[in-house]
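Listed here are the chains, written in short residue letters.
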Amino acid sequence: MATKKKTAKTAKKTTKKAKTFLQAPINKKLSAEEKIELYRTIVGIRRFEERSLRAYNQGKIGGFLHLYIGQEAVATGVVSLMEENDHIITAYRDHGHALAVGMSMNECMAEMYGKHTGCSKGKGGSMHFFAPDKNYWGGHGIVAGQTPLGAGLAYALKYKGVKGCAVCFLGDGAVNQGAFMETLNLVSLWDIPVVFVIENNGYSMGTSLKRSSAEENLAHRADGFDMAWEVCDGHDVFEVREVADRAMTRAREEHKPFLLEIRTYRYRGHSVADANHEKYRTKEEIEDYKKNKDPINVLKQQLIKEGTLDEDLVKQIDKEKKEEADAAAQFADESPVAPREEIQTDVYWEVDNDTEGKLKGTYFFNDV
Amino acid sequence: MALITYREAIKQALAEEIERDENVVIMGEEVAQYNGAYKVTEGLWDKYGDKRLVDTPISEAAFSGLAIGASALGIRPVVELMFMSFSYVAIDQLFNNASFCRYMSGGLMNVPIVVRGPANGGTNVGATHSHTPENMVANHPGLKVVCPSNAYDAKGLMKTAIRDNDPVFVMENTLLYGEKWEVPEEEYTIDLGVANVLKEGSDVTIVSHGRCAMISLSAAKILKEKHGIDAEVVDLRSIRPLDEETILNSVKKTNRAVLVEENKPFCGVDAQISHMIQYKAFDYLDAPIHRVSAVDAPQIYAKDLENWQIPNEERIIESVLKCVS
Ligand SMILES: Cc1ncc(C[n+]2csc(CCOP(=O)(O)OP(=O)(O)O)c2C)c(N)n1
Chain A
5 MATKKKTAKT
15 AKKTTKKAKT
25 FLQAPINKKL
35 SAEEKIELYR
45 TIVGIRRFEE
55 RSLRAYNQGK
65 IGGFLHLYIG
75 QEAVATGVVS
85 LMEENDHIIT
95 AYRDHGHALA
105 VGMSMNECMA
115 EMYGKHTGCS
125 KGKGGSMHFF
135 APDKNYWGGH
145 GIVAGQTPLG
155 AGLAYALKYK
165 GVKGCAVCFL
175 GDGAVNQGAF
185 METLNLVSLW
195 DIPVVFVIEN
205 NGYSMGTSLK
215 RSSAEENLAH
225 RADGFDMAWE
235 VCDGHDVFEV
245 REVADRAMTR
255 AREEHKPFLL
265 EIRTYRYRGH
275 SVADANHEKY
285 RTKEEIEDYK
295 KNKDPINVLK
305 QQLIKEGTLD
315 EDLVKQIDKE
325 KKEEADAAAQ
335 FADESPVAPR
345 EEIQTDVYWE
355 VDNDTEGKLK
365 GTYFFNDV
Chain B
433 MALITYREAI
443 KQALAEEIER
453 DENVVIMGEE
463 VAQYNGAYKV
473 TEGLWDKYGD
483 KRLVDTPISE
493 AAFSGLAIGA
503 SALGIRPVVE
513 LMFMSFSYVA
523 IDQLFNNASF
533 CRYMSGGLMN
543 VPIVVRGPAN
553 GGTNVGATHS
563 HTPENMVANH
573 PGLKVVCPSN
583 AYDAKGLMKT
593 AIRDNDPVFV
603 MENTLLYGEK
613 WEVPEEEYTI
623 DLGVANVLKE
633 GSDVTIVSHG
643 RCAMISLSAA
653 KILKEKHGID
663 AEVVDLRSIR
673 PLDEETILNS
683 VKKTNRAVLV
693 EENKPFCGVD
703 AQISHMIQYK
713 AFDYLDAPIH
723 RVSAVDAPQI
733 YAKDLENWQI
743 PNEERIIESV
753 LKCVS
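Chain order of the listed sequences is A and B.
Just remember that our numbering sits 4 ahead of the position in the first sequence, which is counted from 1.
Just remember that our numbering sits 432 ahead of the position in the second sequence, which is counted from 1.
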């Protein structure tokens with residue numbers, strides 16, 4: 005039987021535990037200001053979500069609320085690497101990515117309150133944040149449904165000769181959808197500059213990775229499609245940046261896809277409604293992550309150690325972000341709901357856009 | 433008679449069928465160890481174990497297709513979709529395979545599966561989790577669709593669906609899961625294709641199904657009390673097979689029809705029924721047929737607007753008043 009030779013196309017690697025990823029070239033380049041900004045972002049996501057949880061418990065937010073708490077370093081790290089022509093897309097656990105790209109807490113909170121001032125005018129809710137002007141293409145509710153779309157964003161970049169990449173986030177449960185497998189084949193076959201980031205938090209709802217995936221090393225699936233992959237931990241922003249930079253640079257420079265598995269953890273249940281999340285995992289497991297790998301803590305310790313942050317600034321940023329989240333909740337509370345007629349707008353582009361320029365309808369390259 | 437929830441009624445049907453037939457297998461995401469996303473299967477895994485309650489990965493196309501294949505060799509899978517909205521991921525398996533295998537094989541292969549799960553809006557979860565696809569399913573010859581509006585029907589129809597030798601979609605409603613109705617302790621089943629007259633009346637026929645049938649019933653009560661209008665309420669129970677006779681008999685008596693459903697209006701179930709009535713009972717009609725359906729747009733997230741988007745008493749009453757005026 006002939007054995008197939010490994011082609012040069014594949015460049016896989018599992019990141020070795022470096023002493024500190026803070027010293028990696030891509031991170032050394034960061035100014036003190038930029039590092040503090042990373043800290044601001046990560047704290048902002050946490051405080052925003054804690055505030056939204058309160059609002060949910062007060063009955064101000066309806067439907068589902070999938071909190072990202074514990075995973076913040078992933079979105080923060082990856083998004084911090086985005087260049088002008090890079091685009092991102094994610095699933096329903098989308099608050100972290102949204103805030104990381106710079107969406108305001110106001111528009112996000114108002115969306116969850118179902119208000120007219122929300123980013124999707126109250127039509128989408130928690131799972132469907134969008135900000136195309138920030139190259140952020142949502143917020144998608146069907147598991148893995150966003151993965152072919154991510155490939156499409158990257159396809160368009162390559163088609164138009166734009167140097168950029170698309171980053172598509174998905175969960176560890178999403179890898180078992182046919183749409184994702186089909187997409188892996190296409191992007192590798194066609195050399196599409198997309199980076200798939202599997203945020204492996206170990207669980208899809210109440211089902212552990214062990215019980216849902218035959219091959220637990222999810223990144224290995226790329227092998228079947230002759231595609232590059234790497235695996236890394238996701239609680240240190242600097243580690244995420246170091247690895248994701250390699251994937252994104254390769255995508256931009258060589259128009260090659262990449263599968264990145266980032267191991268992370270969620271503290272909360274799958275959604276707020278998942279009250280029994282301590283039944284399918286142990287309290288100790290959660291506490292261990294909180295104590296030893298909390299992404300905010302890890303970043304804080306590193307920055308304090310090198311003298312970029314001090315306790316005062318830590319406190320100040322925390323206060324700032326809490327106030328911002330509170331203000332967002334108040335803004336959302338006081339915002340108007342959309343009028344009934346609005347149920348039927350935004351269904352067809354032509355109905356809502358009457359000028360010739362708008363009819364062409366693309367935010368993407370601003371070539372209206 | 434015991435007063436039990438819609439959820440409990442479905443669970444009883446599943447448990448009794450598991451006990452009755454060793455080939456009945458419940459399959460889907462989180463149905464076993466997690467006890468079901470909506471707790472419909474709560475406790476069943478503890479009692480019947482891994483063989484009868486099977487947790488699947490998030491692979492709707494794969495496990496729906498697998499169920500179809502297994503059913504060819506005598507297994508009777510009951511596939512839970514966490515939301516009927518997710519049937520769209522498995523659409524090729526359900527609409528190309530489950531529906532057509534029997535026909536294409538000249539009757540040599542049959543597909544005794546049940547596909548069940550919530551198919552409703554009104555829960556504030558946005559467009560991709562709120563589909564009410566009974567019209568779409570019913571459009572595929574070979575598939576059967578039932579929509580229980582209460583616990584009694586849910587249990588009786590579910591048992592019939594499991595015993596049926598063809599693919600049956602059971603459209604449940606998350607807003608009904610917690611509501612209670614009287615259900616007899618002894619065994620019973622309800623035939624598919626037999627509508628239920630929920631309330632007799634002489635002035636107008638309201639035809640509906642699922643949760644909308646219950647809303648129609650309460651609208652009928654208000655119509656009687658406030659407007660002196662005596663409406664007859666027909667609950668279809670099953671969309672396909674469709675009980676044309678009960679609908680026609682009622683319309684021939686009242687001479688007026690208002691059709692209520694949560695589907696979007698364009699190509700909806702009510703469009704089919706409306707055609708049927710005008711074709712078969714044209715001479716009996718004293719007014720145009722009115723339809724009340726969800727406002728024609730993807731389901732909106734915002735609560736206040738969504739509550740108005742799907743039919744409510746107010747909108748049904750408004751239509752009935754127009755129809756009888
Ligand atoms: C097609 C489809 N099936 C099922 C669901 C219900 N559901 C929503 S999230 C989820 C778990 C997904 O887990 P994972 O991909 O690991 O992402 P995580 O929640 O961990 O971020 C499930 C089963 C869905 N939204 N879409």
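Calculated from the structure, these hints are not laboratory results.
Possibly wrong hints are sitting among the right ones.
To be verified - Taking lysine to aspartate or glutamate pairs in the EDC-like style, the calculated list, with each CA pair at most 16 Å apart, reads: (1) A:Lys167 / A:Asp227; (2) A:Lys283 / B:Asp478; (3) A:Lys23 / A:Glu310; (4) B:Lys735 / A:Glu346; (5) A:Lys162 / A:Asp137; (6) B:Lys685 / B:Asp635; (7) B:Lys712 / B:Asp675; (8) B:Lys653 / B:Glu632; (9) B:Lys735 / A:Asp237; (10) A:Lys64 / B:Asp728; (11) A:Lys214 / B:Asp487; (12) B:Lys591 / B:Asp478; (13) B:Lys591 / B:Glu619; (14) B:Lys479 / B:Glu449; (15) B:Lys735 / A:Asp337; (16) B:Lys696 / B:Glu657; (17) A:Lys297 / A:Glu345; (18) A:Lys283 / B:Glu474; (19) B:Lys754 / B:Asp675; (20) B:Lys471 / B:Glu611; (21) B:Lys656 / B:Glu632; (22) B:Lys471 / A:Asp278; (23) A:Lys304 / A:Asp137; (24) B:Lys754 / B:Asp728.
Treat the numbers as computed from the prediction; the structure is a model and nothing was measured.
Unmet hints by their number, sorted upward, for this structure: Those not satisfied are hints 1, 5, 9, 10, 12, 16, 17, 19, 23 and 24.
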